[in-house]
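**Q** The lines below spell out each chain.
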Amino acid sequence: MGCSSSLPANSTGGLGNINNENSATDSKNLKVKLVLLGDSGVGKSCIVLRFVRGQFDPTSKVTIGASFLSQTLALEDSTTVKFEIWDTAGQERYAALAPLYYRGAGAAIVVYDITSAESFNKAQYWVKELQRHGSQDMIMALVGNKADLHEKRTVSSQEAQEHADMNNMFFVETSAKTADNINQLFEEIAKRLPRPTPLS
Amino acid sequence: PPLLLSLSPAPTDRQNSKSLSLWAGGQAAMESPTSAASRVDFYGFLDRMRRPEAADLFRSIKSFLASLSLDEPSAEADGARVQAFFAEMEAAIRGHPLWADATHQEIDHALEGLEKYIMTKLFDRTFAASPEDAAADAEVSDKIGLLQRFVRPHHLDIPKVLNNEASWLIAVKELQKINSFKSPWEKLLCMMSCCQVINNLLLNVSMTNDRTPSGADEFLPILIYITIKANPPQLHSNLKFVQLFRRETKLVSEVEYYLTNLISAKMFIINVNGHSLSMEESEFQKHMESAKLGTQMSVASPSSSQGLATSTSGLQKQIDAEVDI
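Chains as they are written, first to last, in the working numbering: chain L, 21 to 220; chain U, 25 to 349.
What the hints contain is simulated information worked out from the structure, not anything from laboratory work.
Ideal Cβ positions, reconstructed from N, Cα and C, are used throughout, including at glycine.
There are no misleading hints in this set.
Calculated lysine-lysine pairs in the BS3-like style (CA-CA distance at most 30 Å, straight line):
no., chain 1, residue 1, chain 2, residue 2
1, L, Lys-197, U, Lys-184
2, L, Lys-48, L, Lys-211
3, L, Lys-211, L, Lys-148
4, L, Lys-172, U, Lys-184
5, U, Lys-316, U, Lys-253
6, L, Lys-172, L, Lys-197
Pair by pair, the computed Cβ-Cβ distance ranges are:
no., chain 1, residue 1, chain 2, residue 2, range
7, U, Ala-124, L, Ser-47, 27 to 35 Å
8, L, Asn-203, U, Glu-272, 28 to 36 Å
9, U, Glu-100, L, Gly-74, 41 to 49 Å
10, L, Asn-188, U, Pro-97, 41 to 49 Å
11, L, Pro-216, U, Glu-130, 28 to 36 Å
12, U, Asn-187, L, Lys-172, 29 to 37 Å
13, U, Glu-156, L, Gly-74, 46 to 54 Å
14, U, Val-276, L, Asn-188, 23 to 31 Å
15, L, Asn-188, U, His-299, 26 to 34 Å
16, U, Ser-314, L, Glu-208, 52 to 60 Å
17, L, Lys-172, U, Glu-156, 52 to 60 Å
18, L, Met-186, U, Glu-313, 44 to 52 Å
19, U, Ser-84, L, Gln-144, 51 to 59 Å
20, L, Met-186, U, Leu-94, 55 to 63 Å
Some chain L residues well away from chain U (every beta-carbon gap over 10 Å; in silico):
no., residue
21, Glu-96
22, His-170
23, Glu-171
24, Glu-179
25, Asn-201
26, Leu-205
Can you make the complete structure from the sequences, with help from the hints?
**A** What follows is the structure, encoded as C-alpha cells:
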C-alpha cells in the first residue's frame, strides 16, 4: 500500500483540539483550509499523514484524526503556515457532497494514482468542478501519487503537466511511500498563498 | 482545573494519559456535557452574573432578550442578531473588572455560559420553530426510518474489518443525545463525540492491523451508517440551530469539519437512491416500498430509536429553572 500505517506518538489525536482558539492570521502566521480531492484508493490520506508526521518541530500543534489533520509548516522566510486539511470521501456515490467541503477552501490538492488512468479521469473531473465552483483565488495542485510504482505507470507526467498548466495549477508527482516530494508539495502551496497586506 | 474546556489538552499535555487513552480505547475520552464539571461551570457563570459588579452585563442581556422578543421569530434573522450580541458581549467581558485577571480559559468559560444562557432562553423561539423546519425534520426522520430496514454496511463501501457493533453503538448513542441539551455547544458536543468514536475506531483498526488508513473514504460512510442507525431526533433542526447559534469564532477548523460531515450525511440521506447504495434503482424502490409496508404494520409499536426524541433530560429542566431569573 501507499504508506505505512504507524501513527505519531506526539499528537493529541482524535478531536483533541475541539476547543482551540481560532488563532489569528497575520502576515507572519498564515492559516489555510486545504481540501483533498481524488478517487478512493489513490492515497490522499497517506500523503497527508506523511506530511504531518514529517514535521519535527516539537512546538507545533498537530491534530491527527482519521480525516481531519492540521499541521504547521515553517518557511525559510520565517513565516508559518498552518494547514487545516479536510479530507473528502473519494467514492463516486459521495461526489455530490464535495461542494460542502471545498467551500471556502484556500487551497486544494487533487490526487490521482499514476498507475490508474481511471483515477486521472476522476482527477480531471475534480479540476473542472473546482474551476467552475471553487473560489477564484484558490491555490490548486495536481498530484500524481504512487510515483514509486513507475514500472506500472499508465499516466504520463507530460500529459498531467499539460493538464495542470492548462488549468493554472502546479503539478508534482509524489510517493507517500518513500516521502518523495511530499514536503515540496506543501511548501509550494505555502509559498503560493496570498499574503495579507500589512496595514500601513 | 479545566472544566467545560477539558476537551482541549494543552500542547504541553500531549503525552498525558488522556491523549494516550484516545489512542488506546474505543471510548471517547472527552468531557460529556452532562458531567458534573460542566454543570458547576455553568452555575459558576450564573453566580458571577448575579454579583452586583456584573449588573451592567446582566442589564445588557436582559435588554437584548427583550428587544429580540419584540420582533417576529425568524431563525436566520435571530441568528445574525445573536451572533452580533455574542461578539459585543465578548468585548464587554474581556474589558470587565470582574474578569480583569481572568485567564483566557476563564473568559472562554464565561462566553460558553453566556451562549448557554441566551440560547436556553431563546430555545423555543429559535429551535425547530417554523413549520418548514418541522416538515424537514419529519422528512429526514421518515426517510431514515425506511432506510434502517434494509441498508447494510456494504451498501456504503464500509469494509468488513471496520464492522464493530460495540463502537458503532456508542457512536449511535452519542448522536441520539442531541435533544437532551438546549445549548448549541452541548448539541455540538454530542455530534463531536459521535465522530470521535468513529475516529478512534478507524485509528485503532489501522494500528492493530497495520492497515493503510483511508481517511474520509471510510470515515464518511461510517458516519452515514451511524446516522441511519441512530435516526437522531430533529436532525435538520439540530444542524441548523448549531450552524446559526454556535458562537461563530468557535465554529471553525476541526469542529467545522465534523459538523460539515454530519451535514453531508444528512444530505446524502435526503438524496439517497439506488445508485448511492450500490443497487439497481428498481431494487432500491422495492426495498423502500416494503419498508413502508413494514412501517405501517408496526405503527402501533413505537420505534425504540426515537426514545430520546421528545424527552428533555432532568438536568436540562434544572437548567431551565435556573435561567428563569
